[in-house]
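Novice: As a plain string of letters, each chain reads:
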Amino acid sequence: MKLIKHLLTIFLFIVIFSCKNDTTTYQCPMKCEVEKVYHHEGSCPICKMDLKPITSISGKTISDEISEESIFNLTSNWNTEEGEIIQLKELKGKTLVMVMIYTSCKAACPRLVADMRNIEKQIPEENLKNVQFILVSIDPETDTPTRLKAFAKENFMDGQQWTFLQGSVNDVREFANVLAVKYKEISPLDFSHSNIISVFNQEGELVHQQEGLGVDNKETVLKIIKTSNLKH
Amino acid sequence: MKTIFRLVIGSLFLWINNVNCQSEMVYIKGGTYTPLYGRDSLQVSISDFKIDVYPVTNQEYLEFVKEHPKWKRSKILSLFADKSYLINWKSDTELGDNQNLKAPITNISWFAANDCCQSQGKRLPTIDEWEYVAMANEKMPDARRLENYNQYILSWYEKPKTFNNEIGSSFKNYWNVWDLHGLVWEWTSDFNSVLISGESRKDVDNDSNLFCGSAAIGATDLMNYAAFMRYAIRGSVKAKYTMKNLGFRCVKSIENNN
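Taken in order, these protein sequences are the chains called A and B. All the letters of the first sequence, read from the start, carry residue numbers 1 to 232 under our numbering. All the letters of the second sequence, read from the start, carry residue numbers 1 to 258 under our numbering.
One chain only, chain A, in its complex shape:
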């Protein structure tokens, strides 16, 4: 009996210590270096404050509950470029990187799409399977699933990690309102719109927005890696 107890304690110790060896990362509490991450304890080189550990999200399980802020509360149906009909909550469990575009766009969208591809390139292979890149059309009348599929192929975005969505006019408005994206039809086939790339965590909560074209996407990439580190 005693032996078993001892064995158990030892076992427990091993477990605890092995946990401690887990990748704990540290960050300056004042964020002097913005999102810079350290892999050891120490002090911030700028403000000299002690680095504080970032609560590791590894091992955290995804709950079934949908939080109030989650976009999975939207019940609208969307057509994908593969001809499937989905609801946003089916994407639960993945980090979502979302942008609104339209395929006939000549000015900003190609650059926005390039920005998306750029971000995707910087995500490590093992994270990538936990990330979904989603392009929602603001011109659902023109951008049919067939057209979206063709666009995906043209732009080398036909992989598993890319999804294109077509919704109803009203649902697209609603979705844009959740993203705080503004857009306006100037003439048929031409829209002006704000260029925002949004990152949602596995629970569908907005964690980051990148505004503008060709801007520094370091922070966006970091946020995606951070939120997609859930499963190892």
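Incorrect hints may appear among the rest.
No more than 27 Å apart at the CA atoms, straight line, and that leaves these computed lysine-lysine pairs for BS3-like [what the hints assert, rightly or not]:
id, chain 1, residue 1, chain 2, residue 2
1, A, K89, B, K72
2, B, K70, A, K92
3, A, K92, B, K75
4, A, K92, B, K238
5, A, K89, B, K70
6, B, K139, A, K223
On the chain A side, residues computed to face chain B include the following (Cβ under 7 Å) [claimed, not checked]:
id, residue
7, S43
8, E68
9, E69
10, A176
11, N177
12, K182
13, K184
To be clear, the hints were calculated from the coordinates, so they are not data collected in a lab. For glycine and all other residues, C-beta sits at the position ideal for the given N, C-alpha and C.
Fit chain B to the known structure of chain A by using the hints.
Specialist: Just chain B, lined up with the frame of chain A:
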């Protein structure tokens, strides 16, 4: 004959009023108009549609909430409305003491307004549709050049607490639509197409001809200062915002078979 006709209309009206969120609508003949920010080349054409005669009232919204519990104050998701959603109500299904059943509903978000219209098979008006109807005064479909039209609206902006007034207490315009000016501001479906706001400022070809100083002079309608204020509000709100002077009414498209 006339009395019977009136009685029928009267009872119809009563009946309609009792149905959830269902209010009387009138027909609007489409046409083209030049929006505030447009030039002659930028005429906007509007198709025929139907619009609610009055803004949606507290009573109508109360009925809507009872049938759609997801919009109750205690149930509302923070994704869909901020903290001041129905803030003056006593409970989920009771108005506040100072609130009139016949006053327009306010403190509701775009999401709530949009869903209320959708639930009756209607929708929110577009900015252009709303402005098209609202540029009328009692007699003319487009009164924007009249001094007293603009003065009326501006003097309303100065009056406090008009959102507590009953529907039908301002004026009925050329299209037989009441209270477009005088009680509350109203949500539009594409309010987020006014491309000026924190998000959009730096990254879109925004309607700079709408807001900058030079823009005021470039705008088609120098008199329409009131409209500038409406566009400015639309550009600055987010869909989950709720305001005590912001309500809504619904419209319906008309299928044209000819």
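Novice: Against this structure, judge whether each hint is valid.
Specialist: Hint-by-hint comparison with the structure:
no.: 1; hint: K89/A <-> K72/B; verdict: 23 Å, holds
no.: 2; hint: K70/B <-> K92/A; verdict: 22 Å, holds
no.: 3; hint: K92/A <-> K75/B; verdict: 22 Å, holds
no.: 4; hint: K92/A <-> K238/B; verdict: 25 Å, holds
no.: 5; hint: K89/A <-> K70/B; verdict: 18 Å, holds
no.: 6; hint: K139/B <-> K223/A; verdict: 58 Å, violated
no.: 7; hint: S43; verdict: 35 Å, violated
no.: 8; hint: E68; verdict: 4 Å, holds
no.: 9; hint: E69; verdict: 5 Å, holds
no.: 10; hint: A176; verdict: 6 Å, holds
no.: 11; hint: N177; verdict: 3 Å, holds
no.: 12; hint: K182; verdict: 5 Å, holds
no.: 13; hint: K184; verdict: 4 Å, holds
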